[in-house]
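I would like the entire structure built from these sequences, with the hints used as guidance.
Protein chains: 6
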Amino acid sequence: MAELTHLDAAGTARMVDVGDKAVSQREAVATALVVMQPETFRLLQQGAHAKGDVLTVARIAGIQAAKKCGDLIPLCHSLMLSSVAVDFELDPEASCVRIRAVCRVMSQTGVEMEALTAASVAALTIYDMCKAVDRGMVITDIALQQKQGGKSGHWQRGSE
Amino acid sequence: MAELTHLDAAGTARMVDVGDKAVSQREAVATALVVMQPETFRLLQQGAHAKGDVLTVARIAGIQAAKKCGDLIPLCHSLMLSSVAVDFELDPEASCVRIRAVCRVMSQTGVEMEALTAASVAALTIYDMCKAVDRGMVITDIALQQKQGGKSGHWQRGSE
Amino acid sequence: MAELTHLDAAGTARMVDVGDKAVSQREAVATALVVMQPETFRLLQQGAHAKGDVLTVARIAGIQAAKKCGDLIPLCHSLMLSSVAVDFELDPEASCVRIRAVCRVMSQTGVEMEALTAASVAALTIYDMCKAVDRGMVITDIALQQKQGGKSGHWQRGSE
Amino acid sequence: MAELTHLDAAGTARMVDVGDKAVSQREAVATALVVMQPETFRLLQQGAHAKGDVLTVARIAGIQAAKKCGDLIPLCHSLMLSSVAVDFELDPEASCVRIRAVCRVMSQTGVEMEALTAASVAALTIYDMCKAVDRGMVITDIALQQKQGGKSGHWQRGSE
Amino acid sequence: MAELTHLDAAGTARMVDVGDKAVSQREAVATALVVMQPETFRLLQQGAHAKGDVLTVARIAGIQAAKKCGDLIPLCHSLMLSSVAVDFELDPEASCVRIRAVCRVMSQTGVEMEALTAASVAALTIYDMCKAVDRGMVITDIALQQKQGGKSGHWQRGSE
Amino acid sequence: MAELTHLDAAGTARMVDVGDKAVSQREAVATALVVMQPETFRLLQQGAHAKGDVLTVARIAGIQAAKKCGDLIPLCHSLMLSSVAVDFELDPEASCVRIRAVCRVMSQTGVEMEALTAASVAALTIYDMCKAVDRGMVITDIALQQKQGGKSGHWQRGSE
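So the protein sequences, as listed, match chains A, B, C, D, E and F.
The opening residue of the first sequence carries number 1 in the working numbering; numbering runs sequentially from there.
The opening residue of the second sequence carries number 1001 in the working numbering; numbering runs sequentially from there.
The opening residue of the third sequence carries number 2001 in the working numbering; numbering runs sequentially from there.
The opening residue of the fourth sequence carries number 3001 in the working numbering; numbering runs sequentially from there.
The opening residue of the fifth sequence carries number 4001 in the working numbering; numbering runs sequentially from there.
The opening residue of the sixth sequence carries number 5001 in the working numbering; numbering runs sequentially from there.
Read the hints as simulated data drawn from the structure, not as lab findings.
Heads up, a few of these hints could be off.
Distance condition first, Cα-Cα at most 20 Å in a straight line; then the derived DMTMM-like pairs of lysine to aspartate or glutamate [said to hold, decoys possible]:
(1) D:K3068 to E:E4003
(2) A:K21 to A:E3
(3) F:K5068 to E:D4071
(4) C:K2021 to C:E2003
(5) E:K4021 to C:E2027
With beta-carbon atoms standing in for the labels, derived distance ranges [stated by the list, open to error]:
(6) A:Q45 to D:G3019: 47 to 55 Å
(7) A:E3 to B:E1089: 22 to 30 Å
(8) F:E5003 to C:Q2046: 49 to 57 Å
(9) E:Q4156 to A:R42: 38 to 46 Å
(10) A:K21 to E:D4091: 46 to 54 Å
(11) B:Q1025 to E:E4089: 40 to 48 Å
(12) D:G3019 to B:Q1046: 43 to 51 Å
(13) D:Q3025 to C:G2153: 48 to 56 Å
(14) D:Q3025 to A:D8: 43 to 51 Å
(15) D:S3159 to C:S2159: 38 to 46 Å
(16) B:S1159 to A:Q45: 23 to 31 Å
As the structure is a computational prediction, the values presented were derived from the model and not from experiment.
Glycine included, each C-beta is placed from N, C-alpha and C at the ideal position.
Here it is as structure tokens:
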């Protein structure tokens, strides 16, 4: 039967021992959505056109958060990421920002949490910078889209 | 017209000067949802009944993240929170965990970001601990429910 | 009956709400001991006479650790310490270093954990710098000696 | 003659250059003791039976501290630990909690400090969570029990 | 005679006790210069016109560094800054970027180190982002321009 | 034409992907200068003779900062440095302290930023410890002196 790997037989939390896993090239892609009022979206879009500052700040926050994932998520391993990218798509129809984070590493363990953390903190930063005009914004659909590498190989959302 | 407070007139990112704001008692409540497969939910619930370790680890991660919010969100002020609480409700119908974070501080600035960060990181930690059996879990509906204190006073979701 | 303040009625870990406590001047004094081989003690002492580097490095480590106590101890509050002092006494008879850490703050909560953390990390640093010649060193007697301020007032070891 | 490796010929503190050491599998085991009043022990034990929260929080704190050892101990190298485990044994006879931390890494340098730091911070966290009922608790016998790997090979306490 | 406040009578490093100082409004202004090849300056300027990303990233880095000054500078106190601003002036004549950082706090201790740290880390970030085309860039003239508040009152460079 | 590697074609900040670079032995040497009043220099020198505490504290601060470079400089990769050395030369003629930092790593990316960060933070720490007697001190000439390893090979200041 399937088991939660972060709990041992007695139900005790533990950091999974990855010492015997093979080192391989790992990649993970995660996404998130920040849904806002159309008026908030317009302000963000205007800023984005002129300077892009909200999105640049959110991108930096996401990249920095990926690097400190091992400090945020208690049972995550510290990793030396070879790359982190955080990109944004402005969707005027849905009045939302779509966030996509990609992390890569050569390691014994995957980078799903790093990608999810990058997307989440980028979303929180957008919320922070726009909250004075729209406290009701919602961060939603934080999800892994795909991952590659490691023993479990390739995984893609929707193709389970 | 409304303006994004974290951008000055030239669209440049800045940390809002709160030096002239009055110190007042602040509180913010944020929520998040982790939606999973029914089988994953059962494993989590069993663990929860026996030891509660997944939820305890997630609670600690959320509390710790609230304290380092100023380090994660670039334009947030560092604060000395007087309390952080992170609670969970297991919803078997919806096969999800409902997270609720409450932060309090006596300060010149609010704690919305701290509460949202606590809820988000608690959710990410649940994902981390269950991901070996269910990579498709989704973190959703990260939202501010209410905030009190400060010049803008009380705000409650749904009553704008 | 006495209760563990960091657990609520349901036994759930929480960060104690200090929002209603009075702000007062707080102080805590903690001590620790690093016991070593006489030969290790002599090497440390020689270094101490010439340059003091082992002890200076340990002092800095202890001071820095006190400042990040809220990040190390999950349910501790972040504090702005007004002073941290870490001092050492070389005891040739017992072949050990006696460490004494004093922390002060004007706050709603005490600094016992900050002082204990400063003493512990100073001790670990001495161990680190001498371990190549003596892996068997023992850090012992980490204890609060006294604390002042707050509702519970003055407390002194041995006078309970 | 034996020398303190973290001091150069002039007595100046330095971070030992491990660039020429061979990468090997390293492990270290460290222990610590938290001695308390019998009444405190009973409260802890009751909590442990019902929920285990004090020990789970202490375990998480120890694991997190091991990961940030390079930030706490000035001349330690940053490492990517492959595993950290922190376990507890409740000893009613001695009215104490025995802590055992095991760290592993594939690296050019050992993990003694990581294991000792994990044990120490787990002990400090137990102190924190129980201090309201027993300020006189003592953390003691923080010691390396054994280490493996590296040029100096296997070392075990008591068999020098 | 003047004395170094961070050393006590015995020449031992210490964190100055600010517990008896009055809380007052503090401000400090620091500057730094990044001197580069004219070709590097043109690339930076072009980026700055189109998107401003190098300078936005450097601004965020400076603001974040100011907030963690107490973690970087061993004997600095942790502070809750009420504002941090980092601004840039592009000087084509001198082929350099002029950085100006302003920090404010209501506190018992000043923010000179926070402003100097913000300017330094912003400068280092500009170096990082341009170093692939110009390793010879020099960061220079990191200096306090003025400070206000506290017992020593107003200080301005050049008017001693 | 030369391009800023940390900006992609659209001028967006990114963390350069180093996943395809070869692992090689890297080294970087950076320097910095702290210029002060002759009287300040004498106080520092006296302290240096007696105990060396200002310089030891600055050395530790520089080493610690090198280790957290990836946290300070947004687009830097986290690295596991194999060594960091920070040395000082007191120059009575110029009434300044000359700082020299050397970092080494076996990695896919260089350590220029780590060496520059170590030198900068060591300089800031000297400023901090002497500022009570000389607010006008200037940190200057922060520069890379040489780097080795990686695809671009050896680079030395002045020999471009």
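Can you list which hints this structure breaks, lowest number first?
1 and 14
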